[in-house]
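K.L.:
Respectively, the protein sequence lines represent chains A and B.
Residue 40 in the working numbering is what sits at position 30 of the first sequence, and the numbering runs on without skipping anything.
Residue 313 in the working numbering is what sits at position 72 of the second sequence, and the numbering runs on without skipping anything.
A portion of the hints provided could be inaccurate.
30 Å max Cα-Cα, derived DSBU-like pairs, lysine-lysine [as the list claims (entries may be wrong)]:
# : chain 1 : residue 1 : chain 2 : residue 2
1 : B       : Lys-250   : A       : Lys-113
2 : B       : Lys-298   : A       : Lys-113
3 : B       : Lys-298   : A       : Lys-11
Covered by chain B, according to a simulated footprint, are these stretches of chain A (three or more residues, beta-carbon under 8 Å) [unchecked claim]:
# : segment
4 : 47-60
5 : 64-78
Please keep in mind that the hints were generated in silico from the structure rather than gathered at the bench.
Fair warning: this is a prediction, and the values are worked out from it, not measured in the lab.
Built from N, CA and C at the ideal position, the CB exists for glycine as well.
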Amino acid sequence: KNQVEQSPQSLIILEGKNCTLQCNYTVSPFSNLRWYKQDTGRGPVSLTIMTFSENTKSNGRYTATLDADTKQSSLHITASQLSDSASYICVVEGSNYKLTFGKGTLLTVNP
Amino acid sequence: DGGITQSPKYLFRKEGQNVTLSCEQNLNHDAMYWYRQDPGQGLRLIYYSQIVNDFQKGDIAEGYSVSREKKESFPLTVTSAQKNPTAFYLCASSIPGQVSGKQYFGPGTRLTVT
């Protein structure tokens, strides 16, 4: 069964600190892995998309890594800001464009 | 929100009533999707459409219906047959088949049925 597991479920950090969110998946075959940011009550917004051959991708203060051998991905947030408070969702695309969504990690950045 | 609009943002209905959620996109995307989001769960696919006048059931289609008469529009009807309709509903669109075919999501509609 295709699954995407994210950890931790929730995380609280202080403004200015770094943090790393984890994503493990069992989706096969693998097409690409995406990270989305979802503010409370809003639709998700794409941060990065990585294919099999990419092992790192950055978008400003967000850096995603992918290890296709171990089927793990991480999202690193540098110098966190209050506006980073959101849910971060890992999504894996398998065959026939089918997406499997993780449950998300809820990040709270406190001043 | 990437050129996708959903209306209304909040919707309240009595049990037993059908309700239609609107989704419009001006991105010229062929593919459109409806997801449901419940607290503590990942997004679940209700219906998707890869082309006008064609749509497919997703993982939780029971109690829902859709139409795709125009490329820009993909309305979702929540029928009285849906057992637990209260949820946050998200519409998305994409260009299928592209390597970077990311999905663009609308702002969502929160439906409350009492």
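K.L.:
Honestly, which of those hints from before does the structure not fit?
P.N.:
5
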